[in-house]
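A.B. asks: Taken in order, these protein sequences are the chains called A and B.
So for the first sequence, the working numbering puts the first residue at 1; every next one is plus one.
So for the second sequence, the working numbering puts the first residue at 1; every next one is plus one.
Just so you know, these hints were derived from the structure itself, not from any lab.
Backbone N, C-alpha and C define an ideal beta-carbon position, used for all residues, glycine too.
Incorrect hints may appear among the rest.
Said to hold, decoys possible - Pairs of lysine-lysine, DSS-like flavour, derived with a Cα cap of 25 Å:
no. : chain 1 : residue 1 : chain 2 : residue 2
1   : B       : Lys-353   : B       : Lys-504
2   : A       : Lys-35    : B       : Lys-346
3   : B       : Lys-353   : A       : Lys-35
To be verified - Computed spacing ranges between beta-carbons, pair by pair:
no. : chain 1 : residue 1 : chain 2 : residue 2 : range
4   : B       : Trp-181   : A       : Ala-11    : 25 to 35 Å
5   : A       : Glu-2     : B       : Leu-492   : 52 to 62 Å
6   : A       : Ser-34    : B       : Asn-493   : 52 to 62 Å
7   : A       : Ala-11    : B       : Ala-195   : 14 to 24 Å
8   : B       : Glu-503   : A       : Ile-40    : 14 to 24 Å
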Amino acid sequence: MELGIGIALIAVTCLFALWIVRLAGHNVRNFDESKHESFIGK
Amino acid sequence: MSTQTHHHDKDKQDLNKFGYAQELLRSMGGFSNFAISFSIISILTGAVSLYGHGLTYGGPGMMGFGWPLVALFVMIVAASMAELASAIPTAGALYHWASILRNKRWGWYTAWINLIGQIGIVAGIDYSVALFADPLLSDVFGYASTETTILICFAVILLSHGILNHIGIRSVSRLNDFSAWYHIAIVLVLVVSLAFFSKGSLNSVDYLFKVGETFSDKPYMFAFLIGLLQAQWTFTGFDASAHTIEETVNPRVRAPWGIFTSVAYSFFFGFIMLAFVTLSIKDAGAATGADNAFIYVISEALGGTFGNVILWLVTAAMWFCGLSSITSFSRMMYAFSRDKGMPLSKQWAQISKKFRTPAKAIWLAVILSFLLALVDYIIKQANPGTTHTTIAFMTAVSVVGLYVAYGIPIVLKMMAKAQGKFQAKHLGPWHLGKYSDFIGTLAVLWIVFISVIMVIPPNEMAGYALGGMVVLLIIMDFAYYRKNFPGPQAALNTSMAEILRREKELESNPSGGGSGISHKG
């Protein structure tokens with residue numbers, strides 16, 4: 001029981017890391033510099 | 001025009017938009033930016049020096065459940081911070097983000113809380129090195145390791161880090177790159193050694209996920225929460241990728257990757273290491289009763305000589321970790337001081353003309369870290385019966401200080417977004433899209449949770465210390481800084497001519513004499 005829960009937790013952690021890498025990687029590749037504006041708080 | 005030159009010009013222009021000159025040497029690549037955070041997280045420092053703490057409170061299940069649980073939530077925090085680093089790529093990082101997302105006073109408090117955490121992390125790391133190195137040295141040179149010799153060893157280690165950081169980012173950067181590979185290599189050596197050369201057989205995998213066994217006097221669930229300090233402290237310091245952002249080429253992409261991947265890889269390699277060490281435990285009760293549980297487990301499993309070699313290698317990894325942490329801490333103070341947020345700011349914002357490093361901020365980082373350990377040493381000498389351990393005190397201070405500082409800009413970004421001030425056009429290339437708020441909310445909830453559990457007994461001393469420091473901050477704020485702290489908005493009023501003058505002054509005298517260039521008041 002504990003072994004199963006532990007492996008599931010490790011799998012969730014790994015999948016989360018991969019999901020973020022995929023999500024951010026996609027956004028980096030499709031970034032449009034012309035639409036960007038520096039946020040300077042003014 | 002080469003891609004590198006194009007990036008240099010673009011990076012400098014991005015920084016100039018915030019009113020800052022390119023004073024630090026921008027020479028770090030993506031791997032170096034990752035390496036500095038990976039080295040500060042240093043699975044061979046946090047997970048190892050607090051191995052006994054984790055095992056004592058959470059038993060073997062702390063490694064099987066505690067490590068991945070904390071890693072999951074820290075990756076959530078790291079992803080939110082990475083998004084901010086991409087949007088606002090300045091060395092002040094947390095401080096600067098909070099200032100411009102809300103106002104300078106939020107920034108000022110964030111900076112000081114971050115600074116408190118940085119003192120804790122540098123002191124905690126280098127004290128860990130001393131805790132490992134001093135007994136090893138005492139064996140070699142035949143003296144008795146005591147609290148005093150550990151403090152002296154700690155001072156020498158800090159000194160070595162101060163000198164190396166002073167003489168240049170290039171050498172530190174190379175050492176950081178080496179450190180990242182070194183950490184991975186040592187973990188692999190340790191794992192292979194335990195897998196193939198351990199005396200007797202390893203425990204079954206079930207042992208790694210065994211819950212309900214604590215070697216403390218606390219109920220298991222409560223003890224488990226206290227034991228999370230082991231993993232939570234290990235996963236600190238990844239803001240270094242943001243603090244060195246003005247020294248990184250193409251920082252809006254590389255720094256966020258550095259922040260996130262340093263945590264992810266640390267989870268992976270750290271888990272493998274902890275799993276094998278825990279599976280090689282012969283007697284958990286005896287290990288938790290030993291002076292250093294990690295040393296005990298390794299020595300029992302691999303024998304005295306082999307165990308000693310591994311321990312020297314681990315100690316060297318910890319030394320690299322301390323080296324990187326001073327780099328990060330000094331950049332944070334440099335960035336805060338150039339906006340005049342600290343007493344004697346002009347001094348700490350000075351850049352050495354010869355080495356292009358914030359030399360005085362580096363030495364201030366060394367001194368402050370030593371003082372934290374010295375105060376704890378004096379308290380212990382005055383109260384020999386005290387039950388808290390120096391390392392648990394320092395690590396709890398750093399966890400709470402750093403994570404509160406991580407959380408403030410994440411909350412402020414969500415608030416600024418809700419108010420329509422921070423919009424999609426302000427995001428950098430590295431962002432979380434429609435999941436940003438959800439991930440940010442989870443990050444903040446985790447930070448609140450761990451901030452509470454890190455200061456409950458037996459770590460209440462850290463809570464008192466942090467509380468005292470916050471009271472001091474409030475006094476400082478109301479007595480002076482409330483009216484006199486210009487914040488980053490003042491930098492925005494700096495003319496481009498003045499920014500270019502500062503840059504030219506440094507570039508025209510790359511190896512000249514003089515002590516440094518300062519920010520004019």
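A.B. asks: All hints are to be evaluated individually against the structure, with a verdict given for each.
C.D. replies: Going down the list of hints, with the structure as the test:
no.: 1; hint: Lys-353(B) to Lys-504(B); verdict: holds (12 Å)
no.: 2; hint: Lys-35(A) to Lys-346(B); verdict: violated (37 Å)
no.: 3; hint: Lys-353(B) to Lys-35(A); verdict: violated (37 Å)
no.: 4; hint: Trp-181(B) to Ala-11(A): 25 to 35 Å; verdict: holds (28 Å)
no.: 5; hint: Glu-2(A) to Leu-492(B): 52 to 62 Å; verdict: holds (55 Å)
no.: 6; hint: Ser-34(A) to Asn-493(B): 52 to 62 Å; verdict: violated (27 Å)
no.: 7; hint: Ala-11(A) to Ala-195(B): 14 to 24 Å; verdict: holds (22 Å)
no.: 8; hint: Glu-503(B) to Ile-40(A): 14 to 24 Å; verdict: holds (19 Å)
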